[in-house]
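Once you have looked at the hints, place chain B on chain A.
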Amino acid sequence: TQLLEQSPQFLSIQEGENLTVYCNSSSVFSSLQWYRQEPGEGPVLLVTVVTGGEVKKLKRLTFQFGDARKDSSLHITAAQPGDTGLYLCAGARTKQGGKLIFGQGTELSVKP
Amino acid sequence: KAGVTQTPRYLIKTRGQQVTLSCSPISGHRSVSWYQQTPGQGLQFLFEYFSETQRNKGNFPGRFSGRQFSNSRSEMNVSTLELGDSALYLCASSLGGDTYNEQFFGPGTRLTVL
Chain A
1 TQLLEQSPQF
11 LSIQEGENLT
21 VYCNSSSVFS
31 SLQWYRQEPG
41 EGPVLLVTVV
51 TGGEVKKLKR
61 LTFQFGDARK
71 DSSLHITAAQ
81 PGDTGLYLCA
91 GARTKQGGKL
101 IFGQGTELSV
111 KP
Chain B
113 KAGVTQTPRY
123 LIKTRGQQVT
133 LSCSPISGHR
143 SVSWYQQTPG
153 QGLQFLFEYF
163 SETQRNKGNF
173 PGRFSGRQFS
183 NSRSEMNVST
193 LELGDSALYL
203 CASSLGGDTY
213 NEQFFGPGTR
223 LTVL
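Going down the list, the protein sequences come from chains A and B.
Numbered per the numbering used here, the first sequence spans residues 1 to 112.
Numbered per the numbering used here, the second sequence spans residues 113 to 226.
Chain A with its partners taken away, still in its complex shape (with noise of 0.2 Å):
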């Protein structure tokens, strides 16, 4: 069972186009987090979300805590080839320690 689903799962785009990839769960998480891979290499963490509703934003990356802590969204606004890479939502939850839960992962390619 994916407890958290992220879509899409493979995102193509122009230079310059914007664009949205979600995070969505029957569950609540005490936070979300918000990673960047690159291939042959580790996540790296771009954001922690932990109250319902709160936006935080990174540049061109603005992300999203739904109310109910069940969902997140991230937004790029004029994506560049350098936005290439594979994101990964990831869940976690109060008194299980280090353990998150990963959604598949958003496979990105900005095309110059």
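Everything labelled a hint here was simulated from the structure, so no lab data went into it.
Careful, some of the hints might be misleading.
[Claimed, not checked] Counterexamples of contact, computed for chain B against chain A with all Cβ distances above 10 Å: (1) Leu123; (2) Gln129; (3) Ser139; (4) Ser182; (5) Asn183; (6) Ser198.
[As the list claims (entries may be wrong)] A few chain A residues facing chain B, derived, Cβ under 7 Å: (7) Pro39; (8) Glu41; (9) Gly42; (10) Pro43; (11) Thr48; (12) Gly98; (13) Lys99; (14) Phe102; (15) Gln104.
A virtual CB, placed ideally from N, CA and C, is assigned to each residue, including glycine.
Coordinates of chain B only, in the frame set by chain A:
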């Protein structure tokens, strides 16, 4: 501050053998978690060690085991390797609090089982 380091980066083994992977967390981090990443299953949680004790465990068979030393370094062992164990094994470290966890990942060990 140095990041999470994993050794070796690449490993080739044959079925039936065993393997030990090593992870050194970020200085000051007391929690180390291990994950298996495959194209079909994505990232799956193996287990977490905190203060030398296993704190959480995923749904993997007993062939997968781990331990943590007093300096927070951790090792993961897989015995009787199977072809399906071929994967990228990632470790992540965090401060260890159980409110929310910012996990920082190492580069991974690519294990190939022939």
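Status of the hints after comparison with the structure:
1. Here Leu123/B stays apart from chain A, with its beta-carbon at least about 14 Å from theirs, past the 10 Å limit.
2. No Cβ of chain A approaches the Cβ of Gln129/B within 10 Å, the least distance being about 23 Å, so the stated non-interface status holds.
3. For Ser139/B, the condition that its CB be more than 10 Å from all CB atoms of chain A holds, with the nearest at approximately 17 Å.
4. The beta carbon of Ser182/B is kept farther than 10 Å from every beta carbon of chain A, the shortest such distance being approximately 18 Å.
5. With a least CB separation of 18 Å from chain A, Asn183/B remains clear of the 10 Å interface cut-off, as annotated.
6. Remark: the non-interface label on Ser198/B is consistent with the geometry, its nearest Cβ contact in chain A lying 15 Å away (cut-off 10 Å).
7. Proximity of Pro39/A to chain B is violated relative to the hint, the smallest CB-CB distance being about 10 Å (cut-off 7 Å).
8. The closest approach between the C-beta of Glu41/A and any C-beta of chain B is roughly 5 Å, which is under the 7 Å cut-off, so the hint is satisfied.
9. A cut of 7 Å between beta carbons decides the hint on Gly42/A: the least distance to chain B is about 4 Å, and the hint holds.
10. Taken as an interface hint, Pro43/A checks out: its beta carbon lies about 5 Å from the nearest beta carbon of chain B, inside 7 Å.
11. Among the interface hints, the one on Thr48/A holds; its C-beta lies about 5 Å from the nearest C-beta in chain B, closer than the 7 Å criterion.
12. Among the interface hints, the one on Gly98/A holds; its C-beta lies about 4 Å from the nearest C-beta in chain B, closer than the 7 Å criterion.
13. Hint status for Lys99/A relative to chain B: holds, with the closest Cβ pair at about 4 Å, below 7 Å.
14. The interface hint given for Phe102/A is met, as the beta carbon of that residue sits about 4 Å from the closest beta carbon of chain B, less than 7 Å.
15. At about 5 Å, the closest approach between the beta carbon of Gln104/A and any beta carbon in chain B falls short of 7 Å, and the interface hint on this residue holds.
When held up to the earlier numbered hints, the structure conflicts with hint 7 and nothing else.
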